[in-house]
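Visitor: So the chains spell out like this:
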Amino acid sequence: EAGVAQSPRYKIIEKRQSVAFWCNPISGHATLYWYQQILGQGPKLLIQFQNNGVVDDSQLPKDRFSAERLKGVDSTLKIQPAKLEDSAVYLCASSLLILAVGGTDTQYFGPGTRLTVL
Amino acid sequence: AQKVTQAQTEISVVEKEDVTLDCVYETRDTTYYLFWYKQPPSGELVFLIRRNSFDEQNEISGRYSWNFQKSTSSFNFTITASQVVDSAVYFCALSEPRGSNYKLTFGKGTLLTVNP
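Protein chains in written order, with the working numbering: chain A, 1 to 118; chain B, 1 to 116.
Check the hints yourself; a few may be wrong.
Okay, derived cross-link-like pairs now, PhoX-like style, lysine-lysine, Cα gap no bigger than 20 Å in a straight line [as the list claims (entries may be wrong)]: (1) B:108 <-> B:3; (2) A:44 <-> B:3; (3) B:16 <-> A:44.
Just a few of them, taken from the derived set where beta-carbon distance is under 8 Å, the chain B residues facing chain A [as the list claims (entries may be wrong)]: (4) 51; (5) 54; (6) 66; (7) 70.
Keep in mind the hints are simulated off the structure, nothing from the lab. Bear in mind that the values here come from a model prediction, so they are computed numbers and not experimental data. Glycine included, each C-beta is placed from N, C-alpha and C at the ideal position.
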């Protein structure tokens with residue numbers, strides 16, 4: 001079974017430029033997550049989708065970050081304009097079950113996109 | 001608020017040594033889930049184990065074992081007879097189900113280096 005796919009793997013841009021990341025989750029996984037991992041820290045959730053609806057985007061800097069999951073499969077995360085502090089690894093994860101109250105599910109992660117903002 | 005503490009920032013051992021990675025968590029809920037993930041140099045987070053708060057049985061999987069103690073809010077991870085391929089950053093994470101929000105709260109990770 002194919003894992004979570006992400007592209008590009010690396011991206012270098014200058015501040016104030018725009019950038020977009022793409023994620024293809026594991027086939028059949030209803031829930032998709034985007035995380036930001038700054039060097040030396042654990043991943044931090046940016047946004048969570050269930051099918052094509054947003055479940056949680058409370059930690060997404062909405063003035064510059066946006067994400068969408070059209071058709072409930074692939075997802076893109078965009079930063080516009082980028083700042084120096086956006087330099088990080090952006091991880092996409094997916095989980096199988098549609099979430100229900102009182103339950104949880106295991107998230108499987110992609111290889112990430114390493115963004116460097118100069 | 002939930003919180004995960006991995007006090008060991010870096011650990012270095014020699015191959016075949018046993019090593020324990022510590023994880024302490026904070027939560028107000030009685031229902032929660034604990035995870036361990038491995039992040040090798042390639043960057044991908046690899047799922048290792050999930051435990052729910054009602055199952056305190058220790059688990060062993062090959063050279064890996066996990067010790068869950070609710071009394072001390074700890075979920076420690078032991079690698080027996082470590083190997084060079086075990087070198088990675090290991091993350092402990094906590095999930096509390098709240099409606100449809102299941103975000104993981106990660107610790108800062110422990111960098112394990114296994115030297116030949």
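Visitor: Hint by hint, note whether the structure agrees.
Guide: Hints and how they fare:
Pair hint residue 108 (chain B) plus residue 3 (chain B) holds up; C-alpha atoms about 11 Å apart against a cutoff of 20 Å. Only pairs whose Cα atoms come within 20 Å are accepted, and residue 44 (chain A) paired with residue 3 (chain B) is accepted, the gap being roughly 12 Å. Restraint check: the Cα-Cα separation between residue 16 (chain B) and residue 44 (chain A) comes to about 33 Å, which exceeds 20 Å; the hinted pair is violated. The closest approach between the C-beta of residue 51 (chain B) and any C-beta of chain A is roughly 11 Å, which is over the 8 Å cut-off, so the hint fails.
Nearest Cβ of chain A to the Cβ of residue 54 (chain B): about 12 Å, over the 8 Å cut. The hint is violated. Using the Cβ-Cβ criterion of 8 Å, the hint placing residue 66 (chain B) at the interface with chain A is not satisfied: the shortest such distance is roughly 15 Å. For residue 70 (chain B), the interface hint is violated, the least distance from its beta-carbon to any beta-carbon of chain A being 17 Å, above 8 Å.
Checked against the numbered hints above, the structure violates hints 3, 4, 5, 6, 7; every other hint is satisfied.
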